[in-house]
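Based on these hints, arrange chain B on the given structure of chain A.
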Amino acid sequence: MATQVTTAPGARFIDPNVLARLGSIELAARFVVEGFINGLHKAPYLGVSIDFAEHRGYMPGDDIRRIDWRLFARTDRFYVKQFEADTNTNFSVLFDVSKSMSFGSRGITKLDYGRYLAACLSYLSTKQRDRVGIVTFDDDIVERVPPSAKHFDVTLHTLDKIEAGRPGALGPPLYKATEFFKRRSILVVISDFYEEPEKIFDAVKPLRFAGNDVIMFHLLDPAEVDFPYDDSTSFQDLETGRKIPVVPDKLRDQYRELVREHIQAITQLASQNRIDYAFMNTKMPLDHALLRYLMMRHKLTKVR
Amino acid sequence: MSFLAPLFFAALAAIGVPVLLHMIQRQRTEVVEFPSLMFVKKIPFHSLRRQRIRHWLLLLLRCAALALLVAAFARPFFESAALVAATGGSSEVVILVDRSYSMGFDNRWERARDAARQVVQRLAPDDEATLIFFDSGAEAANRSTTDRASLLAAIDGAELSARATRYGPALQLAQGVLEDSDQPLLEAVLISDFQRIGVDSAANTLLPPGTVLTPVSVSDDEPVDNISVTGAAVQRDFFSGRERAAVTARVANRGGSTVSGLQVVLELDGRELETREVDVEPGAAATVTFDPFTLEDRGMPVSVRVAADPLPHDDVFHFAVTPGDVVPVLVIGSPGEAEANLYLERALAIGTIPSFQVVVRSVDQVTTDDVAAATVIVLNDAGLPVGAVGEAMTRFVENGGGLLVALGERVRWPGDNLTLLPGPIDEPADRDGRGGTLGFVDYSHPVFEVFSTPRSGDLSAPRFFRYRPVNVPADALVLARYDNGDPALVEHSVGAGRVLLWSSTLDTFWNDFALKPIYLPFAHKLVEYLAAYRSPTPFLTVGQVLDLSEYPAAEEIDLASANLVVRDPNEDRVSAGGEGRVGFIDLAEQGFYEIRDTESGASEPVTVAVNVDLTEANLERVDPQELVATATGRAAGDRSVVADRELAPEDLERRQTLWWYLLIGALGFLATENVISNRLSRAELDPDD
Chain A
202 MATQVTTAPG ARFIDPNVLA RLGSIELAAR FVVEGFINGL HKAPYLGVSI
252 DFAEHRGYMP GDDIRRIDWR LFARTDRFYV KQFEADTNTN FSVLFDVSKS
302 MSFGSRGITK LDYGRYLAAC LSYLSTKQRD RVGIVTFDDD IVERVPPSAK
352 HFDVTLHTLD KIEAGRPGAL GPPLYKATEF FKRRSILVVI SDFYEEPEKI
402 FDAVKPLRFA GNDVIMFHLL DPAEVDFPYD DSTSFQDLET GRKIPVVPDK
452 LRDQYRELVR EHIQAITQLA SQNRIDYAFM NTKMPLDHAL LRYLMMRHKL
502 TKVR
Chain B
4 MSFLAPLFFA ALAAIGVPVL LHMIQRQRTE VVEFPSLMFV KKIPFHSLRR
54 QRIRHWLLLL LRCAALALLV AAFARPFFES AALVAATGGS SEVVILVDRS
104 YSMGFDNRWE RARDAARQVV QRLAPDDEAT LIFFDSGAEA ANRSTTDRAS
154 LLAAIDGAEL SARATRYGPA LQLAQGVLED SDQPLLEAVL ISDFQRIGVD
204 SAANTLLPPG TVLTPVSVSD DEPVDNISVT GAAVQRDFFS GRERAAVTAR
254 VANRGGSTVS GLQVVLELDG RELETREVDV EPGAAATVTF DPFTLEDRGM
304 PVSVRVAADP LPHDDVFHFA VTPGDVVPVL VIGSPGEAEA NLYLERALAI
354 GTIPSFQVVV RSVDQVTTDD VAAATVIVLN DAGLPVGAVG EAMTRFVENG
404 GGLLVALGER VRWPGDNLTL LPGPIDEPAD RDGRGGTLGF VDYSHPVFEV
454 FSTPRSGDLS APRFFRYRPV NVPADALVLA RYDNGDPALV EHSVGAGRVL
504 LWSSTLDTFW NDFALKPIYL PFAHKLVEYL AAYRSPTPFL TVGQVLDLSE
554 YPAAEEIDLA SANLVVRDPN EDRVSAGGEG RVGFIDLAEQ GFYEIRDTES
604 GASEPVTVAV NVDLTEANLE RVDPQELVAT ATGRAAGDRS VVADRELAPE
654 DLERRQTLWW YLLIGALGFL ATENVISNRL SRAELDPDD
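Sequence lines, in order, name chains A and B.
Position one of the first sequence corresponds to residue 202 (this note's numbering), numbered consecutively onward.
Position one of the second sequence corresponds to residue 4 (this note's numbering), numbered consecutively onward.
The following block holds chain A by itself, in its conformation from the complex (with noise of 0.2 Å):
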């Protein structure tokens, strides 16, 4: 796979469908992530440590034990080595499984894609040693693994035997997933997000506000993005049932530009209440999602 991955430019770049193929999630989480490390090394990210952080002057009270001694013995001062903060930090997964979810039109749905992304975080996740935990939800709490280090395989189970089935919707079970998290932990939201923008923020912004760190995952099929339908035809809400006749000629310039105008006041919204937020074509490859994640990450270790 990793030659794959260097001998082909965009060759890891790994198409979902062929993912979708391998048939178990932890396979395919290995696949992706290992590729992505790989790859990695070669990446313009390199030299960005998960485990240090800066040294700081050392202060009274501060432990000894976090006293470098090799830069004492160069520089005859004290400094403290700080180690970033979410080592050992918590890492769940919000994955909306609503109906809506189900849909695809290229032979991989937003929920097979979903799954895929949650597994390699939580892939990547535990191999930073992270606590990983799941909420599965629609327009309520369908299913949660609490964060646990041992919880990484329950977690793919979890992912694993998932269905859409129901209508979503995110206020309610996101205020009630608010609870679940007392301590800060980074929180990735999966969802196609099909609600106002300023509801999925009201939603959303408890999550925040409660000092996790959070990141929105919006996926949609090529189809919703491009409408690439001719026929004039009924068109079925997957999640209320309700048949609106279409003609897809006269309104695929309106729907194109509904959807620019939703994905660009999510952006916005995301940015004004700094929250990371990822636009995902179930067409792109997943490890976007991951570069996306490391991205964040990169940002925090800044931050800090």
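Hints were generated in silico from the structure; no laboratory data involved.
The structure presented is a predicted model; accordingly, all values stated were derived computationally and were not measured.
One or more of the hints may lead you astray.
Said to hold, decoys possible - DSSO-like mimics (lysine-lysine), calculated; alpha carbons at most 30 Å apart, straight line: (1) A:Lys-282 / A:Lys-328; (2) B:Lys-45 / A:Lys-444; (3) A:Lys-406 / A:Lys-351; (4) A:Lys-351 / A:Lys-383; (5) A:Lys-484 / A:Lys-328; (6) A:Lys-400 / A:Lys-328; (7) A:Lys-351 / A:Lys-282; (8) A:Lys-400 / A:Lys-351; (9) A:Lys-444 / B:Lys-44; (10) A:Lys-400 / B:Lys-45; (11) A:Lys-351 / A:Lys-362; (12) A:Lys-362 / A:Lys-377; (13) A:Lys-444 / A:Lys-282; (14) A:Lys-362 / A:Lys-484; (15) B:Lys-45 / A:Lys-406; (16) A:Lys-351 / A:Lys-328; (17) A:Lys-484 / A:Lys-406; (18) A:Lys-451 / B:Lys-44; (19) A:Lys-328 / A:Lys-406; (20) A:Lys-400 / B:Lys-44; (21) A:Lys-383 / A:Lys-444; (22) A:Lys-400 / A:Lys-377; (23) A:Lys-484 / A:Lys-451; (24) B:Lys-44 / A:Lys-484; (25) B:Lys-44 / A:Lys-406; (26) A:Lys-484 / B:Lys-45; (27) A:Lys-484 / A:Lys-400; (28) A:Lys-400 / A:Lys-383; (29) B:Lys-45 / A:Lys-451; (30) A:Lys-451 / A:Lys-400.
Unchecked claim - Label pairs and their computed distance ranges (CB to CB): (31) A:Ile-445 / B:Asp-129: 55 to 65 Å; (32) B:Leu-15 / A:Glu-364: 26 to 36 Å; (33) A:Gly-372 / B:Trp-59: 34 to 44 Å; (34) B:Asn-681 / A:Asp-454: 22 to 32 Å; (35) A:Ala-466 / B:Trp-59: 34 to 44 Å; (36) A:Tyr-376 / B:Asn-681: 55 to 65 Å; (37) A:Lys-451 / B:Trp-59: 11 to 21 Å.
Note that the Cβ used here is the ideal one computed from N, Cα and C, for glycine as well.
Frame of chain A, contents of chain B only:
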């Protein structure tokens, strides 16, 4: 709403065909499942669903057109008269115009004609109108016509009559016109001054159900001043052997203020004879007595007149004064029994209309000349004279003379000559004790008619102690019987004459009848009946029909004469009856009619005085709504309870022709559908349009 051919509604099932096709088409359409239609729904409605709405509109238009077509073939119609009115059905309008003489008050008549013209001008083109002028009778000037010009001409040519107001005949005529009409709406317009005196005649008239009766009053609510001459009486006397008459007139003031110095004029034969002044209190009457004038042999036309007021018809009263009649009576008694005639002679000496000229003879002295000079012969307790006189008397009766036979004990009638008697006479019969009384009286007979009402004389008061029983046949005309059933007064006809047989005496010998007050009128009526006397008629009333054959003053006129001329008060010649009605004159004008036979050579015509019906002078009004309620059975203006007319459904449908409007509506829908569908087609061919 009802339908004449409701089976056509089965065709409404055809509406389901396009709907069914539409549903089938929809089922075949593939449905695309999409995660969320959040953005699709945000796209403006018209750009998304315009085509669909237009198609639904087309479907609705087509279905509506089809439904209207089916409804048109089902031939709908409204059964309610109110709805018929709403659909604009034509009307049968009866215009009733009061032309009684009270309408001559002030300008009422012109206002009434103006109101009638307005009704005519408001008529719809299809409305049929009947114009009825009425007073005490009713006459249709036009009947169910749409010719407005003839209606207006009839109104212009109408004139007031001299008759009184009676609403009954007019409403009955209107009732007949409306009942015969086949128009869906019935309406009557009553234009009148609404006098109360005419309302009673309308009590039994009810206009057809559904008729709208609209009253138009041309009278004012304020009380009006009106003076009427309501009558005149003539007091006769003799001065220097000439008969004189003194006229007393009665003047009534129906207004609200006292009339002072009212001049009352007595006119004789058209010339003013005397004028008197009188004061009349409001709501009261006064009498004026004029000086007597000498009568002539002919009937004299006399009028009493007051100054003209807004209602001139009742300001004059006409009547004819004729010389008093004399009835010659021959009383034949038994020789030496002059006392027996005393009571009868004295009774007949009293009286002026008529006066009786009594000649008393004993049976042995009477002559044929006496018989010939008499109109009535009384055999008072005397037998039939023998010989020529007896025969003359028989002929006298057979030729129309009157004979009264009063039986007493001296009557001996030859048994072989019972021609003049109703039956053989028996010997006197006595009644014991207080005597007998009259037990049965035929009050319908002219002799007893005047005694028929209460306080008009007690015929049971006289006591009869003896009488002569008469054996009358079973079919004899017995006018009175004693309380034991024996005949008291029997009538017997002989030829053209009449014989009355009184089975007791006319003096006090066998009864005390002659001592009772009733004796005098009884004696007068006996003689008047036998003389076939008819009292003169001083005046008649407008609206009556004069039968010349029954009019005493016209006895001399040959009704069959081709030269009979009758002139009305306007000097216009009028008909004296047509075929089958010879001698009958319709009295339509107020004043004096003159009847003359130009061939008979008589110098003086027969004068007939005619007055208006004075009840019409009472201008008291009735509430028009009261009359409307009487004539229609419901309150005026109440159209909510207008009953439906019983027209056949076919007639209702034919008059309303609602199918025509439905057909136009269907064509309109189809045209609209055509326009819209064409635009849709063009829009599909040219998306940039």
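Cross-check of the supplied hints:
1. As the CA atoms of Lys-282 of chain A and Lys-328 of chain A are separated by approximately 23 Å, the hinted pair is consistent with the 30 Å bound.
2. Proximity of Lys-45 of chain B to Lys-444 of chain A is assessed by CA-CA distance (about 14 Å); at most 30 Å being required, the pair is judged to hold.
3. At roughly 29 Å between alpha-carbon atoms, Lys-406 of chain A and Lys-351 of chain A fall within 30 Å of each other, so this suggested pair holds.
4. A C-alpha spacing of about 19 Å is found between Lys-351 of chain A and Lys-383 of chain A, which places the hinted pair at or below 30 Å, so the restraint holds.
5. Between Lys-484 of chain A and Lys-328 of chain A the alpha-carbon distance is near 27 Å, which keeps this suggested pair within the 30 Å criterion.
6. Under the criterion of a C-alpha separation no larger than 30 Å, the hint pairing Lys-400 of chain A with Lys-328 of chain A is inconsistent with the structure, at around 35 Å.
7. The suggested pairing of Lys-351 of chain A with Lys-282 of chain A holds, with an alpha-carbon distance near 29 Å, which does not exceed 30 Å.
8. Distance hint between Lys-400 of chain A and Lys-351 of chain A is unfulfilled; the C-alpha atoms sit about 35 Å from each other, more than 30 Å.
9. The straight-line distance between the Cα atoms of Lys-444 of chain A and Lys-44 of chain B is roughly 11 Å, inside the 30 Å bound, and the hint therefore holds.
10. As the CA atoms of Lys-400 of chain A and Lys-45 of chain B are separated by approximately 16 Å, the hinted pair is consistent with the 30 Å bound.
11. Taking the CA atoms of Lys-351 of chain A and Lys-362 of chain A, the gap is about 19 Å. The hint holds against a cut of 30 Å.
12. Taken as a hint, the Lys-362 of chain A and Lys-377 of chain A pair is honoured in the structure, with Cα atoms around 22 Å apart against an allowance of 30 Å.
13. Between the alpha carbons of Lys-444 of chain A and Lys-282 of chain A the distance comes to roughly 62 Å, so the proposed pair goes past 30 Å and is violated.
14. Taking the CA atoms of Lys-362 of chain A and Lys-484 of chain A, the gap is near 23 Å; set against the 30 Å cutoff, the hint holds.
15. Restraint check for Lys-45 of chain B and Lys-406 of chain A: satisfied, since their Cα atoms lie roughly 26 Å apart, inside the 30 Å limit.
16. Proximity of Lys-351 of chain A to Lys-328 of chain A is assessed by CA-CA distance (about 12 Å); at most 30 Å being required, the pair is judged to hold.
17. For the hint linking Lys-484 of chain A to Lys-406 of chain A, the alpha-carbon distance of about 29 Å falls within 30 Å, and the restraint holds.
18. Annotation: proposed proximity of Lys-451 of chain A to Lys-44 of chain B holds, straight-line Cα distance about 14 Å (limit 30 Å).
19. A distance of roughly 28 Å separates the Cα atoms of Lys-328 of chain A and Lys-406 of chain A; the hinted pair therefore holds under the 30 Å criterion.
20. A threshold of 30 Å between alpha carbons decides the hint, and for Lys-400 of chain A with Lys-44 of chain B the separation of about 18 Å falls inside it, so the pair holds.
21. About 43 Å separates the Cα atoms of Lys-383 of chain A and Lys-444 of chain A, which puts this hinted pair outside 30 Å; it is violated.
22. Taken as a hint, the Lys-400 of chain A and Lys-377 of chain A pair is honoured in the structure, with Cα atoms around 15 Å apart against an allowance of 30 Å.
23. Taken as a hint, the Lys-484 of chain A and Lys-451 of chain A pair is honoured in the structure, with Cα atoms around 25 Å apart against an allowance of 30 Å.
24. Between Lys-44 of chain B and Lys-484 of chain A, the direct Cα distance comes to roughly 26 Å. Compliance with the 30 Å bound is thereby established for this hinted pair.
25. Between Lys-44 of chain B and Lys-406 of chain A the alpha-carbon distance is near 27 Å, which keeps this suggested pair within the 30 Å criterion.
26. Distance check on the hinted pair: Lys-484 of chain A and Lys-45 of chain B sit about 26 Å apart at the alpha-carbon level, within 30 Å; holds.
27. Annotation: proposed proximity of Lys-484 of chain A to Lys-400 of chain A holds, straight-line Cα distance about 27 Å (limit 30 Å).
28. This hinted pair checks out: Lys-400 of chain A and Lys-383 of chain A have alpha carbons roughly 24 Å apart, not beyond 30 Å.
29. Between the alpha carbons of Lys-45 of chain B and Lys-451 of chain A the distance comes to roughly 14 Å, so the proposed pair stays at or under 30 Å and holds.
30. Proposed proximity of Lys-451 of chain A and Lys-400 of chain A is supported: the alpha carbons are some 29 Å apart, at most 30 Å.
31. At about 56 Å, the CB distance of Ile-445 of chain A to Asp-129 of chain B agrees with the hint of 55 to 65 Å.
32. Checking the proposed 26 to 36 Å range against Leu-15 of chain B and Glu-364 of chain A shows it is violated: the Cβ atoms sit about 51 Å from each other.
33. In this structure, Gly-372 of chain A and Trp-59 of chain B meet the distance hint of 34 to 44 Å, their C-beta atoms being roughly 37 Å apart.
34. At about 29 Å, the beta-carbon gap between Asn-681 of chain B and Asp-454 of chain A stays in the expected band of 22 to 32 Å.
35. Against the hinted window of 34 to 44 Å, the Cβ-Cβ separation of Ala-466 of chain A and Trp-59 of chain B comes to about 35 Å, which satisfies the hint.
36. The hinted window of 55 to 65 Å between Tyr-376 of chain A and Asn-681 of chain B holds, with their beta carbons roughly 57 Å apart.
37. Distance hint check for Lys-451 of chain A and Trp-59 of chain B: the Cβ-Cβ separation is about 18 Å, which falls inside the suggested range of 11 to 21 Å.
The structure fails hints 6, 8, 13, 21 and 32 (numbered hints given earlier, in ascending order).
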